[in-house]
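J.: The primary structure of each chain is shown beneath.
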Amino acid sequence: MPEVILKNLPFMLQGLATSLQISAMVAFGGTLLGLVVAVILYSRVPVLSAVSRIYIEFIRGTPLLVVLFIAFFGLPALFGYQTTAYKATVVAFILFIGAYLAEDIRSGLMTVKPTLTQAALATGLTHGQALRFVVVPIAVRRIIPTLFNQYVRLFKFTSVASVIGVSEFTGNAMLVNAREFQPVTILAFVALTYLVICLILSGIGRWLYARLAVN
Amino acid sequence: MAAAHKVNSMDNPTIVIDDVSKAYGSTQVLRNCSTRIGKGEVVVVCGPSGSGKSTLIKCVNGLEPFQSGSITVEGIEVGSPRTNLPKLRMRIGMVFQHFELYPHMTALENIMLAQVRALKRSRVEAETRSRSLLKRVGLEAKADSRPANLSGGQQQRVAIARALALDPQVMLFDEPTSALDPEMISEVLDVMIELAGEGMTMVVVTHEMGFARRVADRVIFMDQGRIVEDAAKEPFFAAPASERAREFLSKILAH
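Protein chains in written order, with the numbering used here: chain Z, 1 to 215; chain D, 1001 to 1255.
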């Protein structure tokens, strides 16, 4: 490994740890949010499904960086609370990826035959129980590849967080570059690291899909 | 003797369908359907496709709403907004044409789910009950198999076990053998015949006239959303009253 990388490895790895930590929290929070919104849309809950629709369209029509600025500058100014760059990033990314995950999960829910839900209801399960034990587990298993595609996306999003001062991987690497000025070596290391982690994530997705998928 | 018991039970029928009509938009699917089904009766519902048979039995457990008329099961009004449908449905087992087993669960888990979640049985009790039902339908060795690894006939037998697990008072069958390969039909019918022999109240939508001749007490013939004929088995097969039923029978028995 080139000396410039070795010398600055602890600092850059610290950034990578932050990126991974944010990604894990956002993957979890975003999936949860996406699931709730998807179920609201799928079940056509009055009022809430209109709100969900507006949320999804708003996010889809807004650049990630703008959502990040809104979470860091806009909302705290509007509602008068304090936040940190780290917290704002997690909130912004959950809101952002949650909208896409909601649409993915909803399309998964739509693949479950209505007669399967009828069969669950016929045994005396409530609508909520039929969703929780039958429809959602089947839908999620079917869209595992799509979910992991979103997780790969959001891991790369974390590089944007350096703009508001989060010490994540790309930001730390660029700080190193400002001192050392070896852009080719440093960027090659950065790009390769993202690539390897994304490949691992996709691999986990494929493994889970092979194990859990149902027809 | 059994017949006498059934006749008496009509004073207090298990299912009363009274003047039920249903439309999807401008398409009328059920027109003024009325019938009564006594405790322990086995009623076969037949008729051409699109005649409303499946819709009618799905109205009985409230899976399909209807616009007018009333249905009561053991005195409970199915269409009333005050009725606790999940609770009522535990008393009415249903078996579907395409089995509808939960694909992400094993056979055992399929049978256990509603026992644990709806009936609130303990897992141990539910598992014991499920295994004995699997044994009863001849599939004790398949407890840990997923539906994808079972044949159609095996899947349908698991589906019957799943419905029986809640100790229902009534069993509804919606064309239980029409999605099966011919060689698997009898393994499912055998389970149903046994069930009928035990006195289960059964409403069976089917084209299996052999089954009807053997175990049905009554045959209901439907056409274009109407109950055209509702007769005891013997007179129905000997000489159906309506031209439409005669035509249908001759077609279905011809092959």
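It is possible that part of the hints are untrue.
Unchecked claim - Computed cross-link-like contacts, DSBU-like style, restricted to lysine-lysine with a CA-CA straight-line distance of at most 30 angstroms:
| # | chain 1 | residue 1 | chain 2 | residue 2 |
| --- | --- | --- | --- | --- |
| 1 | D | Lys1087 | Z | Lys113 |
| 2 | D | Lys1120 | D | Lys1135 |
| 3 | D | Lys1039 | D | Lys1135 |
| 4 | D | Lys1120 | Z | Lys113 |
| 5 | D | Lys1039 | D | Lys1120 |
| 6 | Z | Lys113 | D | Lys1135 |
| 7 | D | Lys1233 | D | Lys1251 |
| 8 | Z | Lys113 | Z | Lys156 |
| 9 | D | Lys1087 | D | Lys1039 |
FYI, nobody ran anything at the bench for these hints, they're computed from the structure.
J.: Given the hint that D/Lys1039 pairs with D/Lys1120, does the C-alpha gap stay at or below 30 angstroms?
T.: Status holds; Cα separation ~26 angstroms.
J.: Is the hinted pair Z/Lys113 and Z/Lys156 satisfied, with a Cα-Cα distance of at most 30 angstroms?
T.: 35 angstroms, violated
J.: Given the hint that D/Lys1087 pairs with D/Lys1039, test it: the Cα-Cα distance must not exceed 30 angstroms.
T.: Answer holds: D/Lys1087 to D/Lys1039 is near 19 angstroms, not above 30 angstroms.
J.: Does the structure keep Z/Lys113 and D/Lys1135 at a Cα separation of 30 angstroms or less?
T.: 29 angstroms, holds
J.: Given the hint that D/Lys1039 pairs with D/Lys1135, does the C-alpha gap stay at or below 30 angstroms?
T.: 26 angstroms, holds
J.: Run the distance test for D/Lys1233 versus D/Lys1251: straight-line Cα separation, threshold 30 angstroms.
T.: 18 angstroms, holds
J.: Take the C-alpha atoms of D/Lys1120 and D/Lys1135, compute the straight-line distance between them, and say whether it is at most 30 angstroms.
T.: Holds, at about 22 angstroms.
J.: Sort out whether Z/Lys113 lies within 30 angstroms of D/Lys1120, counting only the CA atoms.
T.: 26 angstroms, holds
J.: Assess, step by step, whether the Cα of D/Lys1087 is no farther than 30 angstroms from the Cα of Z/Lys113, and give holds or violated.
T.: 23 angstroms, holds
Of the numbered hints listed earlier, the single one contradicted by the structure is hint 8.
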